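Protein chains in written order, with the UniProt record's numbering: chain H, 1 to 263; chain Z, 1 to 263.
Quick caveat, the hints were computed from the structure, so don't treat them as lab data.
The structure presented is a predicted model; accordingly, all values stated were derived computationally and were not measured.
The reader is advised that the hints may include incorrect statements.
Claimed, not checked - Just so you have them, the derived chain H footprint on chain Z, three or more residues with Cβ under 8 Å:
hint: 1; segment: 63 to 72
hint: 2; segment: 131 to 137
hint: 3; segment: 140 to 149
hint: 4; segment: 224 to 235
Just so you know, even glycine gets a beta-carbon here, dropped at the ideal spot from N, CA and C.
2 protein chains.
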Amino acid sequence: MAAPSEEEGAVGRRYHQRSTAMLDVPFLPFCAFLGTLGLLCVAMVGSWCQHWRGGFSLDGSSRTFNWHPVLMVTGLVVLYGAAALVYRIPYTWSGPKLPWKVLHGSLALGAFILTVLGLLAVFYFHNSQGTPNMYSLHSWMGLGTVLLFSCQWAAGFGAFLLPWAPTWLRVLYKPIHVFFGSTILLLSVASCVSGINEKLFFSLKNGTMQYKLLPAEAVFANTLGLLILIFGVLVVAALARPSWKRPDSDSPDSRQPLLAAER
Amino acid sequence: MAAPSEEEGAVGRRYHQRSTAMLDVPFLPFCAFLGTLGLLCVAMVGSWCQHWRGGFSLDGSSRTFNWHPVLMVTGLVVLYGAAALVYRIPYTWSGPKLPWKVLHGSLALGAFILTVLGLLAVFYFHNSQGTPNMYSLHSWMGLGTVLLFSCQWAAGFGAFLLPWAPTWLRVLYKPIHVFFGSTILLLSVASCVSGINEKLFFSLKNGTMQYKLLPAEAVFANTLGLLILIFGVLVVAALARPSWKRPDSDSPDSRQPLLAAER
């Protein structure tokens, strides 16, 4: 096959530029849409537990369990997604990177704290009811996701915010951190979806309220599950989009730790 | 902040080269590992249905249902994953792209046919038993995934194999096709995991076989679910790895359709 002529190459580049321009979506409106979708997921999971599942308490009953889905969706999906998107905000691209690193780490820490509280809620409920913990595939996947998240946070803090990590280690670890950032979010989403599915089979058993008769609660919670899926996929799409990435990711400032080491 | 000196820039590049070299994993051994993992998933889902769920038949009983998990894991996860990885095989990088396009499309078509047979199995089982279809979140997500997959296959065939799509449309659509390629695989994996979780709650109800007592079947099927998750994440990681991508993705040959249009 003949090599492409210069003219063919120019045509290809022109097509590429034109099609890239056609696909251009401004980040901030997309981000506002994502924020609205995330808040809708939080509002829906709260409404589901409040309206259909008896509300919230700390007495070890199923009303204690209800904190579990609310805290997991809020922490491990929505707040985690917000933390992941920090470096895609164009304001973060100029000036020192350190404040944005601290914001990224703090949002992720907030997400982690909500996640741990969400785990405590379900363990406390199980122990109060004499139900075994950690037997379903949902629980195995969910706990695996939280363990990965804790490693991700600790390794990110150690590599990017503390001063002792050598530069080669930061450069080596960064693509791993970025990859696991998206992966953990998708595992969180998969955990939430399997958890909602499981909860509906547990709760909707009797008479006209059977899950298979698709009562209003089932439609509502299934829709919530799909919205969580869409949120997760859109956040990962935003993270993967080349034109939304911080352009100067290799500047010396990007390696600035929280505490400067003595030199 | 001072701009990086030339020396600092050189140090950064050296670190980057060294750390990239440290992360280098050869594609073919990784691919062999992925193939083994995929075959293990197929063998395990088959063994689960054969050994614990009564085997296979076409009589509308739960033995008809058993085709559903086997066909979905084989088609929508493992064969789909193989189709997605075709362009990462270094042999495909030189010479005409068309045979690889045909292989990619054929493997994806095979995956789609197994998937449709898997859907038929569960619909036939439900209809034979008088159980409603499409009520659970698993079914909503699963059918959504299959619909996305059918659009992906049809759009890919129309844009990349038929001669009528203009070049600008191919250039515009390619990143969308690539993004949905990974997304559909992860949705498939999430669907499989929620389905295995659901099936275990349905099947393990009585006496010492209750799911919450974690009998051998539950450990086996939970492990299968985790292996499916790991397979999906590793395929997506392989697809995302820059050094494993076909380098000349913009060559004129990459736009060669199956049937050449009259010029």
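Checked hints:
Taking a C-beta to C-beta cut-off of 8 Å, the segment 63 to 72 of chain Z contributes 0 residues in contact with chain H, too few for the three needed, and the coverage statement is violated. Here's how the segment 131 to 137 of chain Z fares: 5 of its residues keep a CB closer than 8 Å to some CB of chain H, so the rule of at least three is met and the hint holds. With a threshold of 8 Å between beta carbons, the proposed coverage of the segment 140 to 149 of chain Z by chain H holds, since 3 of its residues qualify and at least three are required. For the segment 224 to 235 of chain Z, the stated coverage by chain H holds: 4 residues have a C-beta nearer than 8 Å to a C-beta of that chain, and at least 3 were required.
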